[in-house]
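Visitor: Using the sequences and the hints, build the whole thing.
Residue 70 in our numbering sits at position 70 of the sequence shown; the count goes up by one each step and never skips.
Don't read these hints as lab results, they were simulated from the structure.
Every residue, glycine too, gets a C-beta built ideally from N, C-alpha and C.
Be careful, since some hints might not be right.
[Stated by the list, open to error] Listed below are the simulated EDC-like cross-link pairs for lysine to aspartate or glutamate, each with C-alpha atoms no more than 20 Å apart in a straight line:
(1) K201 / E123
(2) K61 / D107
(3) K201 / D218
(4) K61 / D49
(5) K201 / D127
(6) K61 / D186
(7) K61 / D189
(8) K61 / D116
[Claimed, not checked] Ranges between beta-carbon positions, derived for each pair:
(9) R162 / D264: 22 to 30 Å
(10) P31 / R118: 36 to 44 Å
(11) F225 / S279: 21 to 29 Å
(12) D235 / T161: 38 to 46 Å
(13) D49 / T121: 15 to 23 Å
(14) R162 / D107: 22 to 30 Å
(15) G216 / A126: 49 to 57 Å
(16) D269 / T206: 15 to 23 Å
(17) Q19 / R74: 43 to 51 Å
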Amino acid sequence: MSPPVSAAYSYCETVTGQQARNFAYGIRLLPVGKRRAMSALYAFSRRVDDIGDGDLDPAVKQTRLEDTRRLLGRVRTGEVSEDDTDPIAVALHDAARRYPIPLGGLDELIDGVLMDVRGQTYETWADLQGYCRCVAGAIGRLSLGVFGTAPAPAGGALDTTRAPEYADTLGLALQLTNILRDVREDAADGRTYLPTEDLDKFGCSTGFHSDIPPPGSDFAGLVHFEVRRARTLFDEGLALLPMLDRRSGACVAAMAGIYRRLLDRIAQDPQAVLRGRVSLSSREKGYVALRGLSGFDARRAARRAARRSA
1 MSPPVSAAYS YCETVTGQQA RNFAYGIRLL PVGKRRAMSA LYAFSRRVDD IGDGDLDPAV
61 KQTRLEDTRR LLGRVRTGEV SEDDTDPIAV ALHDAARRYP IPLGGLDELI DGVLMDVRGQ
121 TYETWADLQG YCRCVAGAIG RLSLGVFGTA PAPAGGALDT TRAPEYADTL GLALQLTNIL
181 RDVREDAADG RTYLPTEDLD KFGCSTGFHS DIPPPGSDFA GLVHFEVRRA RTLFDEGLAL
241 LPMLDRRSGA CVAAMAGIYR RLLDRIAQDP QAVLRGRVSL SSREKGYVAL RGLSGFDARR
301 AARRAARRSA
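Guide: Structural data, given as structure tokens:
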């Protein structure tokens with residue numbers, strides 16, 4: 001690997017280490033090449049998210065997002081050289097050369113962030129799924145391009161053609177957990193992600209602008225309803241684990257495990273999301289990562305997948 005490419009990856013790994021609260025715990029379990037590629041994907045995704053979350057005028061945000069899409073086009077067509085001044089583009093180009101990464105997923109991410117910029121709301125769960133597939137399901141499918149799938153064991157019946165579907169579903173589970181965790185923060189930014197039909201059903205259509213639920217609402221009922229939906233998505237998406245090699249599976253199990261623990265914590269105290277950001281300690285995240293490396297979650301997911309196919 002040339003010095004410019006190595007430096008570009010180092011930059012992306014620094015971005016990931018500084019800004020990825022949960023993501024970094026998973027990818028540190030990967031071998032060097034895959035970890036670098038995942039850092040390049042994260043750094044590009046972080047740039048897109050930062051544009052969407054910034055304090056700029058919406059028209060300026062849209063322009064910058066389309067500029068970023070054009071940069072992605074240059075990466076896709078191989079117009080980026082190792083001497084390019086943009087380290088994220090250099091690293092992403094090298095990663096896409098080494099792994100079959102479906103770069104169209106980053107176009108989907110840009111589409112999803114444009115939905116945020118336009119202030120889109122979602123009437124139904126089906127509507128919200130479309131958004132989640134752009135901003136999270138696509139990341140799952142991009143990551144699968146780096147992970148690859150492991151050959152099924154002798155006599156096994158794993159259908160690895162469904163791996164992208166499971167990766168997408170797992171992305172939805174993570175994103176719905178994020179939406180629940182950030183419901184107060186998003187409301188302060190003028191964003192509402194939970195489906196309108198769900199908000200109406202539980203008397204929460206007035207929004208979340210304080211540390212107490214809307215008057216007369218069943219806020220706990222709303223949270224538990226969405227938690228059940230997210231848990232179902234986790235159960236379906238974790239069928240991906242037996243299809244991955246040990247270290248890739250450990251990476252996915254660690255990230256999913258952190259978010260499932262967040263979900264459990266939210267379910268135990270629904271109003272906590274109105275009081276502040278629900279999080280896990282570094283010690284807890286480290287424990288989940290070690291559990292993923294042990295293969296415990298992968299074995300459990302394999303047993304569940306076998307029961308579903310029986």
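Visitor: Next step is simple, just say for each hint if it's right about the structure.
Guide: Hints and how they fare:
1. K201 / E123: holds, 12 Å
2. K61 / D107: holds, 15 Å
3. K201 / D218: holds, 9 Å
4. K61 / D49: holds, 11 Å
5. K201 / D127: holds, 17 Å
6. K61 / D186: Given pair K61, D186 holds - Cα atoms ~18 Å apart, limit 20 Å.
7. K61 / D189: holds, 15 Å
8. K61 / D116: holds, 10 Å
9. R162 / D264: 22 to 30 Å: holds, 27 Å
10. P31 / R118: 36 to 44 Å: holds, 40 Å
11. F225 / S279: 21 to 29 Å: Check passed, 23 Å falls within 21 to 29 Å.
12. D235 / T161: 38 to 46 Å: Violated - the Cβ-Cβ distance for D235 and T161, about 20 Å, lies outside 38 to 46 Å.
13. D49 / T121: 15 to 23 Å: holds, 19 Å
14. R162 / D107: 22 to 30 Å: Cβ of R162 to Cβ of D107: about 23 Å, so the range 22 to 30 Å holds.
15. G216 / A126: 49 to 57 Å: violated, 28 Å
16. D269 / T206: 15 to 23 Å: holds, 22 Å
17. Q19 / R74: 43 to 51 Å: Hint violated: Cβ distance 24 Å, outside 43 to 51 Å.
Taken one by one, the earlier hints fail for this structure at numbers 12, 15, 17, listed in ascending order.
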